[in-house]
Amino acid sequence: MKNMMEVKDLTFTYSGASEPSLKAISLPVEKNKVTALIGPSGCGKSTLLRGMNRIHDLYPGHRYEGAINLLNADEKAYTNILDIKKEAELIRLRQRVGMIFQKPTPFPMTIFENIAYGLRLSGVKKRTELQEVVEQSLRDAALWEEAKDRLSHDARGLSGGQQQRLCIARAIALKPEVILFDEPTSALDPISTLAIEEMISVLREQYSICIVTHNMQQAARISDYTGFMYLGEMIEFDQTDTIFMKPSQKQTEDYISGRFG
Amino acid sequence: MRLIMNRVFIVFSTFAALVGLIFLGWILFTLFSKGLQGLSFDVFTKDLIEGGLRNVIVGQIMMSGIATLIGIPVGILAGIYLQEYGANSRSTEFLRDLSDVMMSAPSIVVGTFVYAIIVVPTGHTSGWAGVLALFILMVPIIVRTTDDMLNLVPIELREAGIAIGASKYHVTMNIVVRYAKAGILTGILLAFARVVGETAPLIYTSGSSEFWSTDLTGTFPSLTVSIYNLATMPDDQMVQLGWTGAFLLTTMVLIINLLGRYASNKKRSK
Chain D
5 MKNMMEVKDL TFTYSGASEP SLKAISLPVE KNKVTALIGP SGCGKSTLLR GMNRIHDLYP
65 GHRYEGAINL LNADEKAYTN ILDIKKEAEL IRLRQRVGMI FQKPTPFPMT IFENIAYGLR
125 LSGVKKRTEL QEVVEQSLRD AALWEEAKDR LSHDARGLSG GQQQRLCIAR AIALKPEVIL
185 FDEPTSALDP ISTLAIEEMI SVLREQYSIC IVTHNMQQAA RISDYTGFMY LGEMIEFDQT
245 DTIFMKPSQK QTEDYISGRF G
Chain R
74 MRLIMNRVFI VFSTFAALVG LIFLGWILFT LFSKGLQGLS FDVFTKDLIE GGLRNVIVGQ
134 IMMSGIATLI GIPVGILAGI YLQEYGANSR STEFLRDLSD VMMSAPSIVV GTFVYAIIVV
194 PTGHTSGWAG VLALFILMVP IIVRTTDDML NLVPIELREA GIAIGASKYH VTMNIVVRYA
254 KAGILTGILL AFARVVGETA PLIYTSGSSE FWSTDLTGTF PSLTVSIYNL ATMPDDQMVQ
314 LGWTGAFLLT TMVLIINLLG RYASNKKRSK
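If you read the protein sequences in the order shown, they are chains D and R. Just so you know, the first sequence maps onto residues 5 to 265 in the numbering used here. Just so you know, the second sequence maps onto residues 74 to 343 in the numbering used here.
Bear in mind the hints are in silico, worked out from the structure with no lab data behind them. Hints may be right or wrong, so weigh each one.
Claimed, not checked - Once the Cα atoms are required to be at most 27 Å apart in a straight line, the calculated DSS-like pairs of lysine-lysine come out as:
{"#": "1", "chain 1": "D", "residue 1": "Lys179", "chain 2": "R", "residue 2": "Lys241"}
{"#": "2", "chain 1": "R", "residue 1": "Lys241", "chain 2": "D", "residue 2": "Lys107"}
{"#": "3", "chain 1": "D", "residue 1": "Lys90", "chain 2": "R", "residue 2": "Lys241"}
Chain D with its partners taken away, still in its complex shape (with noise of 0.2 Å):
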C-alpha cells in the first residue's frame, strides 16, 4: 500500500452550479511524496484538494461522486471519506488530514494557544503534553528560535511568514498522515517561501503532502510528483521529472513552456 490516499473518479459540482468543477478526477498520493497540483486559475486543483479534507462541507448542497480513499491506520485497506456522515467522524478526518491555507490563519490566542488549541480538542489535557507538544511541533516549523521568548504573545504580531510556520505547526501538532498545503506561499515573500519549501522537503519524511501551486518552478523544485489540470480535468499525472521534461501531453507542454495559462 503506497498510496496514502487515492483520488477515483471524483466528479464534484458546487452548491446552484449546472456544470461540475471537477470531471472524474483521479489523484493518488503516495506515502511520504509530495505531490504536487498545477494548472491555471480556475482548473479546479484547490477544489479537488479542499475535498480532500472535506472542508466544502462547511457549506450545505455541493455534491461528489466517485471516491476519495484514506489508508486505514492498519495500512491494510481504504476508507472512502466520502461517505463519513457523523461530523465526529468529519472532525477525526479533519485531525488525520491536515490543511494550510494561501493566507496565513492565525486564531485570535496566543502563540501557544494557537498550537494547544487543536490537541485541546482532540482530548489533550496534561499541561506538560501539551508543552512538548507545542515545542516540537514549533521545532518541526523551524519557528522555535524566533518564538519560544514570546509564546504568550498574541500570534498576530508575528510576521506573516512566521505566521503561516505557526499555522503548519499548528497542524502538525495533530500528527496528521497528510498534510494539504493550498497555495502556501503566494501571499509570502521570496524568502520566508524558501523557508516553507525547505520545510515542506524534511516534512516529508513524516507525511504525505499534497501541494497546490501558481509556481511551476515551486512545484518542479519540491515534489516528487505533479498533476496538471485544465478546466476541471486531469490532464496529465506523471513523475515531477517528466511532467516538466518530457510531458506526453500537447497541453501540459504549452502550459509549462507559459504559452497559455
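Given chain D's structure and the hints, the job is docking chain R onto it.
What follows is chain R alone, placed relative to chain D:
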C-alpha cells in the same frame, strides 16, 4: 465658473459644519456652566427628597445595567445566529431587516407598548417595566453590531478552525467571536450609552421616585425622568438640580462613548 462653484461649495459646507458645531458647543457650555453651579457633595449623598440626586442616579444605572446584562446574551446570540447559522436564508434577511426597523423605532412607542403590556395589567409603574423598555431598545443595537462585526471575520479563519478538527460551535465561540471581541464590546458600550440617557421609554414605565429604592417591582427612581420633572418645577433650586442632573448624565454618556471609541481604536491598531 467652475472655480467659483468650488469656492461657493466650500464656503457653504464650512458654514454648515460651523452651525452644527456651534450648537454642540453651546449645549455643552450651557450644561457645564449651569450644571457645575449646583454640583456639590450633597448631590451624590442625598436622595431627591432631600435635594440630592443619589437615588435617581443609582436607579438609572441599575435599570440600564440590568437591561444590558439581559440584553448582552440575547443580542450576541441573535447576532451569532444571523451571521453564522442562518446564512443566506430568507428568514435571516427578514430578521436582519426587522432589527434595523427596531433600531429606529421611536422610544416613546416602546414606552407606550410596555405601559400597555405591564403597567396597565399590574396597575402601577415599576422598575422591571423600565428595564423591559430599555431592553427592547438596546437588543437590536447589539444584534446589529454583533452581526456586522462577525461579518468582518475572514472566512479563512473559520475554514482554518474546521481544518484542525474544531466543530462549528468551537469555531464560532473560540475563534470567530474572540476575533470580533473588541467590536462587539464597542457595540455593547454604545447600546448602553444609548439607553442610559433615554427618558421617553421610562416616563410611563418606571416613573420616578423621590425616595431611595432598589425594589424593581415598585415605582423606580430615574434620573432622566427626574430631570424632566425638575425642569418644569417653579422652584429655582429644583430647576438647578435638574441642570446638575443633565450635566452628570451628559458627562456619563460622553465617557461611555469615549470608552467605546477607545475600544474600537485599540482593535484597529492591532
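Hint-by-hint comparison with the structure:
no., hint, result
1, D:Lys179 x R:Lys241, "22 Å, holds"
2, R:Lys241 x D:Lys107, "21 Å, holds"
3, D:Lys90 x R:Lys241, "13 Å, holds"
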